[in-house]
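**Student:** Sequence:
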Amino acid sequence: MAAVPKLPPADLASAGGYAVQVGVYRSQKRARRQALAAADLLRGLPSGVYAGAWPMRASSGRKLYRARLAGFVEDDARRACADLRRKNHDCLVLLHRSGRKARA
1141 MAAVPKLPPA
1151 DLASAGGYAV
1161 QVGVYRSQKR
1171 ARRQALAAAD
1181 LLRGLPSGVY
1191 AGAWPMRASS
1201 GRKLYRARLA
1211 GFVEDDARRA
1221 CADLRRKNHD
1231 CLVLLHRSGR
1241 KARA
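Letter by letter, the sequence shown follows residues 1141 to 1244 of my numbering.
Keep in mind that the hints were calculated from the coordinates and are not lab data. There's no promise every hint is true.
[As the list claims (entries may be wrong)] DEER-style ranges, computed between Cβ atoms:
| id | residue 1 | residue 2 | range |
| --- | --- | --- | --- |
| 1 | 1170 | 1227 | 14 to 22 Å |
| 2 | 1201 | 1181 | 28 to 36 Å |
| 3 | 1180 | 1218 | 18 to 26 Å |
| 4 | 1201 | 1225 | 28 to 36 Å |
| 5 | 1167 | 1230 | 14 to 22 Å |
| 6 | 1235 | 1197 | 25 to 33 Å |
Glycine residues also receive a C-beta, built at the ideal position from the N, C-alpha and C atoms.
Please work from the sequences and hints to get the whole structure.
**Tutor:** Take a look at the structure:
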């Protein structure tokens, strides 16, 4: 697997504000594994990009985990997602701090 650093959420302020989300899972372990697998498919990730699983609450109250590569600037996030799509992997480019979908 790719050597992708795992940074704590406190380091978000110094990283790029965009993320590439590759899925949402019930298991934190599975979400992290999927984020790392996506990173492994991408060659030459920019410095400061890290893989991880971010918790969220579904409207039902269930805890879920977002699998993401975070720390991108917008253009790099869009290129990474396009590369994943060419490799038949779904993804979304998001504003990482807010969790909202990035503008089209």
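**Student:** All hints, please: hold or fail.
**Tutor:** To see whether the hints hold, each was checked on the structure:
no.: 1; hint: 1170 to 1227: 14 to 22 Å; verdict: 19 Å, holds
no.: 2; hint: 1201 to 1181: 28 to 36 Å; verdict: 33 Å, holds
no.: 3; hint: 1180 to 1218: 18 to 26 Å; verdict: 20 Å, holds
no.: 4; hint: 1201 to 1225: 28 to 36 Å; verdict: 32 Å, holds
no.: 5; hint: 1167 to 1230: 14 to 22 Å; verdict: 18 Å, holds
no.: 6; hint: 1235 to 1197: 25 to 33 Å; verdict: 19 Å, violated
Of the numbered hints listed earlier, the single one contradicted by the structure is hint 6.
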